[in-house]
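Please construct the entire structure, taking both the sequences and the accompanying hints into account.
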Amino acid sequence: MSVNIPEGTKLILFDGVCNLCNSAINFIISHDKKKIFRYASLQSSIGQQFLKDRNLDATALDSILLIEPNVAYHHKSTAALEIAKHLNGLYPALSIFLILPKTFRDWIYDIVAKNRYKWFGKKDNCQIPTPELKSLFMDQ
27 MSVNIPEGTK
37 LILFDGVCNL
47 CNSAINFIIS
57 HDKKKIFRYA
67 SLQSSIGQQF
77 LKDRNLDATA
87 LDSILLIEPN
97 VAYHHKSTAA
107 LEIAKHLNGL
117 YPALSIFLIL
127 PKTFRDWIYD
137 IVAKNRYKWF
147 GKKDNCQIPT
157 PELKSLFMDQ
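According to the numbering used here, the sequence shown is numbered sequentially starting from 27.
These are calculated hints, taken from the structure and not from any lab test. Every value quoted in this text rests on a predicted model; they were computed, and no experiment measured them. Virtual Cβ for every residue (Gly too), placed ideally from N, Cα, C. The reader is advised that the hints may include incorrect statements.
Unchecked claim - DSS-like, lysine-lysine: derived pairs with alpha carbons at most 27 Å apart: (1) Lys140 / Lys128; (2) Lys160 / Lys148; (3) Lys128 / Lys160; (4) Lys102 / Lys160; (5) Lys128 / Lys144; (6) Lys160 / Lys59; (7) Lys144 / Lys102; (8) Lys128 / Lys111; (9) Lys148 / Lys102.
As the list claims (entries may be wrong) - Derived DEER-like restraints, expressed as beta-carbon distance ranges: (10) Glu33 / Asp150: 31 to 41 Å; (11) Ile125 / Thr156: 33 to 43 Å; (12) Ile55 / Asp150: 17 to 27 Å; (13) Thr129 / Glu158: 38 to 48 Å; (14) Pro95 / Lys160: 13 to 23 Å; (15) Glu158 / Lys128: 29 to 39 Å; (16) Glu33 / Lys59: 14 to 24 Å; (17) Ile122 / Ile62: 33 to 43 Å; (18) Pro95 / Lys59: 29 to 39 Å.
This is the structure in structure tokens:
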């Protein structure tokens, strides 16, 4: 079984128990006026299948993933900046940081990722989307 993403959309996989990650997803939803993105937690069956298909270790993954159909997936800082390109307002301007070396961008990303539970907290379970947002989440 492979992960099928609806045509014209991109899938964001995120840590469903991380408060920072959930806040980021809520932010993206509110700034994604074209409804380009769909969402699934890394802990979901879709998230687990994606990781399995690519031989990625779920326990070692502390990154948001952006999956574009028929394109390679992005993770860490590249995923965040690629997502910003599609948000309304001035957020697409953040993509200028793609000119910085990936190793530098990911070094900063890794500091936040390593400390995200300590700084922002963690839930026992993945957040359940409200009924009006449920259609944006691929695995319920």
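How the hints compare with the structure:
no.	hint	result
1	Lys140 / Lys128	holds, 17 Å
2	Lys160 / Lys148	holds, 22 Å
3	Lys128 / Lys160	violated, 34 Å
4	Lys102 / Lys160	holds, 25 Å
5	Lys128 / Lys144	holds, 25 Å
6	Lys160 / Lys59	holds, 16 Å
7	Lys144 / Lys102	holds, 19 Å
8	Lys128 / Lys111	holds, 17 Å
9	Lys148 / Lys102	holds, 19 Å
10	Glu33 / Asp150: 31 to 41 Å	holds, 35 Å
11	Ile125 / Thr156: 33 to 43 Å	holds, 38 Å
12	Ile55 / Asp150: 17 to 27 Å	holds, 22 Å
13	Thr129 / Glu158: 38 to 48 Å	holds, 40 Å
14	Pro95 / Lys160: 13 to 23 Å	holds, 22 Å
15	Glu158 / Lys128: 29 to 39 Å	holds, 37 Å
16	Glu33 / Lys59: 14 to 24 Å	holds, 19 Å
17	Ile122 / Ile62: 33 to 43 Å	violated, 20 Å
18	Pro95 / Lys59: 29 to 39 Å	violated, 21 Å
In summary, the structure is inconsistent with hints 3, 17 and 18 from the numbered list given earlier, while agreeing with the others.
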